[in-house]
Amino acid sequence: MKSLRWAYALVGVACLGVSCTEQEAPKPLFETELSEITSATDGATTITLYADEPFFVGFNQVTAKIENANGELLSGEALVTPLMDMMTMRHACPMEFPNGFQFVDGRFEFNAVFVMPSGDMGNWSLTFAVNGDTLAVPVTVVQPARARLASFVSTQDQTSKYFVALIDPGAPQVGENVMEIGVFKKQTMMDWPAVEDLTIAMQPWMPSMDHGSPNNVDPVHQAAGHYLGKVNFTMTGEWQLRLSISESGLLIGEPLFDIIL
Amino acid sequence: MCCAFGLAAQQISYEAWLDSVERENFIAREILLDELLFHQKGSGITPGANGSQASPTDQFLHGLSGMHMMRRGSFANEPVLRGLNSDRYIISVDGMRIFGACTDKMDPVSSYIETNNLRSMDVGFGAEDSNQGISTGGNVNFKLKKPVFNADQPVMASLGGRFSSVSGGFDQLADINYSQGKLAFRASGVHRKAGNYTDGNRQEVRFSQYEKVNYAVSLAYRIGKDQMLMVDFLGDHAWDVGYPALPMDVAYAKANVVGLTYILPEFGKLTNSEVKVYHNFIDHAMDDTRRDSVAMHMDMPGQTRTSGAYLSAQIAAGKGSIRMKSDVFTNFSHAEMTMYANEPGGAPMYMLTWPDVQRQVGGTGLEYTQEGKNGSVRVGMRGEYSGTKIKSDAGERQLSVFGKTGLQNRARWLGSFHASYDRKASESSILIFKAAYGERLPSVSEQFGYYLFNRMDGYDYLGDPDLKKEKNLHLEAAYRTDNGAIRWKGAAFFYYFNDYIMGRYHPEWQAMTPGARGIKMYENTPTALMTGGEMDFDMDLTQNAVLFVAAKYVFGQDYSGMPLPQMPPLKLNVALDMSIAGIQVLPEWEGATAQRRISSRFNEPVTPSYQVVNIRLSRTFRKDPLRYTFSTGVENVTQTVYREHIDISDILRPGRNFYLTVNIKW
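Heads up: the sequence lines are chains S and A, in that order.
According to this note's numbering, the first sequence holds residues 1 to 261 in order.
According to this note's numbering, the second sequence holds residues 1 to 666 in order.
Treat the hints with care, since some could be wrong.
Derived pair list, reagent style DSS-like, types lysine-lysine, alpha-carbon separation capped at 30 Å [stated by the list, open to error]:
#	chain 1	residue 1	chain 2	residue 2
1	S	Lys-230	A	Lys-389
2	A	Lys-254	A	Lys-391
3	A	Lys-193	A	Lys-254
4	A	Lys-276	A	Lys-319
5	A	Lys-225	A	Lys-319
6	A	Lys-182	A	Lys-269
7	A	Lys-468	A	Lys-391
8	A	Lys-389	A	Lys-404
9	A	Lys-391	S	Lys-230
10	S	Lys-230	A	Lys-468
11	S	Lys-230	A	Lys-404
12	S	Lys-161	S	Lys-185
Just the calculated beta-carbon pair ranges, DEER-fashion [what the hints assert, rightly or not]:
#	chain 1	residue 1	chain 2	residue 2	range
13	S	Pro-138	A	Gly-346	32 to 42 Å
14	S	Asn-215	A	Tyr-479	52 to 62 Å
15	A	Thr-527	S	Leu-250	45 to 55 Å
Since the hints were made in silico from the structure, they are not lab data.
All C-beta atoms in this analysis are idealised placements derived from N, C-alpha and C, irrespective of residue type, glycine included.
Next up, chain S with everything else stripped away, as it sits in the complex (with noise of 0.2 Å):
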């Protein structure tokens, strides 16, 4: 579903400015189909922020509502720049804004790709620049019971630092799965760009069997650093998703991801 949501963010982006003529299947209401992360005001602009689930290190779609101090939902222009506070330093971490900066009916989205869990090391805040006016959400990130990112430094430059946000499967199941990953680089503290031109291979693996699975497919790059695959798993149990990741034909890294169903 998120690949598809994703794939939608991307035709989304296409037509913005033309007009769209396919009907726009209707966004779900705030509250119906999210949860409710966490709310701020600064008496002008109220910002509410909806997911799935509690923000957790990995990757993370998150709709907005935009409301002036009316409780009216604005439009308009809106930017989001992440910020990990641990005191000696700052950093921020991958975003994406599929569907641009321009919102309408108080509804913004926007993916975070958290790289690290609040806690005592520092905390983390969306900073949202709306219509010109700039507000701070402090937003708490945890740590998920299995890694959903996984990061790597390149084994050829032994600097650059990879991070692998695993996408889908987000609820893996027996069968034939969708795999999506996104794959980005911490090229500054403050800079996170996606990673376009790796060639993946993917292996799925069950060590306590000692066997993989079949009919899978590696993992190709569409848009934005948005790799998709196919992933097999054959039955229950405890699996890894081994990833061999590679970079103008040399292997830079190989993460993987634990995965139980």
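Fit chain A to the given chain S structure using the hints.
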């Protein structure tokens, strides 16, 4: 059917009954077990096959013409018809379709039948019979013993026991028959318990023990002059069954079979009409908790449930008669596997090995028989509709791994045709020519099996939901003669298969089972051919001595000209049945040639030739109203170390065995 009625409706003579059977004999060979027919001449039963009622069913089947028994241990051997295993033939009990519930074929239907509730069996080969259903390999129908109406002796009973030294096995059996007025009742029970047996090397074969009980109850009620209502119940429960040839044993195997039959010998123009409804449930659980070292512990339970009904009748048509049978059944198969990781706290690994497969089949068969002065003609055909689908979402998701789907109904039409012509070659002999065409559905394992480990070739097998029907063109010539002192019959057959279903190795996929060599998926191979035959000969040497000789052989070749796997080599049985001072003395010799035509794709080993000698003695005393029969003997006298080619794995057959059976009949 006529026989069942004949026996029950009145005490017609066994001879007359036999005659009625004899007429059908060339259609589907009915093999009678009753001790009155002990060593029936010309029956194609080697004498050792008979033994007493205390002998296990497997031992009886072992000696039948055209039949071999595939061993996985000392329990529940799988009958093989002319080299074809139970995926390819139909097995039924009193016409009721029953399906074993083990994905590893540890429970062929014959394992739920005991000789003391078995009256006879019909065996048909290839596509020659259209009454049990459509198949490519033949059919086996076990007929259960029925209550007997006997005004002279309302109560009949027997008790028996058997001891076997090779396994320390001790069996007890009993049955009772009671009739009064319009009601007759029969109950029987068996308990068998055996320890590990020792092979010809005097080595104990671990995990070859078993224990079981079997119980059957039948009730017959006469309505009017000749009609009858009958209820049959058969229960079988085995536990702690070892399968030394396999990596797992069986914790329990339970079968419950119930049938309700209404018999109308005359109904308008119809004769021998029979209506039946039935249901059976099989519950089976594999177990590896007793094995010394398993890569990981697994639970593998399986269940099948089958319900069905049929209607059969006969009608005169012109100079001959038409037999017809319409039947429906629905069969549900579920099997699963749960593996437990060795690390504590690891998530269990679960899969559906038979993903809740529901199969519904309905068909009608017609068979026209006309007997003339110099021979007879028989022509039959059958049409069948089947629908198969899986009923589990989890099973459906498993299939998606292979880009397949199973939720929609897979409908198939099947047809079969057969014709035979018998011609009198002389006063005492006939020549028989047969041509038949049959089809079959893939078995549940072949169509939907999911990572089923096959110990024989060491591969994990996957079903293919889109398999096509397998087809068999069957030609046969047979000859029978009986000139009083010498009787022999021989048959030579030729099968030509299209879309023969076989596993093909997929090197691109990895095995699942620890230690397996790889993955095979069932597929329709273009062709396969089989040929071979059986010969049964017996001859009166003196008034008190009969010589029996039986031979069987099968040759099989796959589409690429390679040998088909598990083809039995030439096997010979010779027996001399003598009566000396009131004691029956029966030396037997059994031998098979080596099998060097092996399938390398199935990693078959060459099997050396062997010969085995048995000696049996039996004596019956009458002391009214009781009849005692004592049988004793030595099997595998010479401690031959051997296995038959079709046996799974390298487990050896039993070494020397002394046995003693006692039967008391009232």
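How the hints compare with the structure:
1. Taking the CA atoms of Lys-230(S) and Lys-389(A), the gap is near 26 Å; set against the 30 Å cutoff, the hint holds.
2. As the CA atoms of Lys-254(A) and Lys-391(A) are separated by approximately 23 Å, the hinted pair is consistent with the 30 Å bound.
3. Distance check on the hinted pair: Lys-193(A) and Lys-254(A) sit about 16 Å apart at the alpha-carbon level, within 30 Å; holds.
4. The hinted pair formed by Lys-276(A) and Lys-319(A) meets the criterion: a straight-line CA distance of about 29 Å does not exceed 30 Å.
5. Straight-line distance between C-alpha atoms of Lys-225(A) and Lys-319(A) comes to about 28 Å, which keeps the hinted pair within the 30 Å bound.
6. A C-alpha spacing of about 25 Å is found between Lys-182(A) and Lys-269(A), which places the hinted pair at or below 30 Å, so the restraint holds.
7. A threshold of 30 Å between alpha carbons decides the hint, and for Lys-468(A) with Lys-391(A) the separation of about 21 Å falls inside it, so the pair holds.
8. In summary, the hint linking Lys-389(A) to Lys-404(A) is supported, as the alpha carbons are separated by about 12 Å, within the 30 Å threshold.
9. The hinted pair formed by Lys-391(A) and Lys-230(S) meets the criterion: a straight-line CA distance of about 25 Å does not exceed 30 Å.
10. Between Lys-230(S) and Lys-468(A) the alpha-carbon distance is near 28 Å, which keeps this suggested pair within the 30 Å criterion.
11. The straight-line distance between the Cα atoms of Lys-230(S) and Lys-404(A) is roughly 15 Å, inside the 30 Å bound, and the hint therefore holds.
12. Restraint check for Lys-161(S) and Lys-185(S): satisfied, since their Cα atoms lie roughly 6 Å apart, inside the 30 Å limit.
13. The hinted range of 32 to 42 Å is satisfied by Pro-138(S) and Gly-346(A), whose Cβ atoms lie roughly 39 Å apart.
14. For Asn-215(S) and Tyr-479(A), the hinted distance range of 52 to 62 Å is satisfied, since their beta carbons lie about 54 Å from each other.
15. Under the hint 45 to 55 Å, the C-beta atoms of Thr-527(A) and Leu-250(S), about 50 Å apart, fit the expected range.
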